[in-house]
Amino acid sequence: AQTVTQSQPEMSVQEAETVTLSCTYDTSESDYYLFWYKQPPSRQMILVIRQEAYKQQNATENRFSVNFQKAAKSFSLKISDSQLGDAAMYFCAYRRNNNDMRFGAGTRLTVKP
Amino acid sequence: DTGVSQNPRHKITKRGQNVTFRCDPISEHNRLYWYRQTLGQGPEFLTYFQNEAQLEKSRLLSDRFSAERPKGSFSTLEIQRTEQGDSAMYLCASSHGQAPANEKLFFGSGTQLSVL
Numbered sequence: 001a002q003t004v005t006q007s008q009p010e011m012s013v014q015e016a017e018t019v020t021l022s023c024t025y026d027t028s029e030s031d032y033y034l035f036w037y038k039q040p041p042s043r044q045m046i047l048v049i050r051q052e053a054y055k056q057q058n059a060t061e062n063r064f065s066v067n068f069q070k071a072a073k074s075f076s077l078k079i080s081d082s083q084l085g086d087a088a089m090y091f092c093a094y095r096r097n098n099n100d101m102r103f104g105a106g107t108r109l110t111v112k113p
Numbered sequence: 001d002t003g004v005s006q007n008p009r010h011k012i013t014k015r016g017q018n019v020t021f022r023c024d025p026i027s028e029h030n031r032l033y034w035y036r037q038t039l040g041q042g043p044e045f046l047t048y049f050q051n052e053a054q055l056e057k058s059r060l061l062s063d064r065f066s067a068e069r070p071k072g073s074f075s076t077l078e079i080q081r082t083e084q085g086d087s088a089m090y091l092c093a094s095s096h097g098q099a100p101a102n103e104k105l106f107f108g109s110g111t112q113l114s115v116l
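Chains as they are written, first to last, in the numbering used here: chain D, 1 to 113; chain W, 1 to 116.
Certain hints may be false.
[Unchecked claim] Computed footprint of chain W on chain D, listed as stretches where at least three residues anywhere in the stretch have a Cβ under 8 Å from a Cβ of chain W:
#	region
1	14-24
2	46-59
[Unchecked claim] Partial list, derived from the structure: chain D residues whose beta carbon lies under 8 Å from chain W:
#	residue
3	Y33
4	S42
5	K70
6	F91
7	R95
8	R96
If you are wondering where the hints come from, they were derived from the structure by calculation, not from laboratory data.
It should be emphasised that the depicted structure is a prediction, and the values quoted were computed from it without experimental measurement.
Glycine is no exception: its CB is placed at the ideal position from the N, C-alpha and C atoms.
Model the full assembly from the supplied sequences, consistent with the hints where possible.
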């Protein structure tokens, strides 16, 4: 079974600084997709960034980028120039060619002004 | 486009009662998903629909749970004979369904269920 582990229940970062959130996953598949979702206090999950496992190039979306290490089954999220609005729960998720998206337990990010 | 809408936002019920939640997906999204999220955990997949057809159900979905999407638009999730362990956030998400594996899911704000 595929599992997703986020080892950092909480993280904090100073505004304008950079923070990295960790995620590891377990799978025997070679073709799959990885995601980071953000859940602010409003509770609505929002897609931050996604990565296809067959792509070697790390995905980037503005201030958000990932470090995808397929062999190590690691998928960390880097947030640059952190903003107050980045404060939220961040969930790493794994999905293969089916419809069952598996989420990690989440990391609560606090941004200090 | 008002996004995915879920009602009610909060529901408090007594153990043994039945509850029903509603999800209105983004129009023209043919896929609709239900997830459950307990405190301190990520969402867990419950079931999903392709148009009106329920194509997959998690083993988490006991026989007390039933979901419908009768006309391929809105969906309802009913829990019969609620138990305290059913207390959770129930999230709905929708998507176009054109690229199932890497597609973006659009989530609603969830229905928070508390069973007393």
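Comparing the hints with the structure gives:
no., hint, result
1, 14-24, "violated (count 0)"
2, 46-59, "holds (count 4)"
3, Y33, "holds, 4 Å"
4, S42, "holds, 6 Å"
5, K70, "violated, 16 Å"
6, F91, "holds, 5 Å"
7, R95, "holds, 6 Å"
8, R96, "holds, 7 Å"
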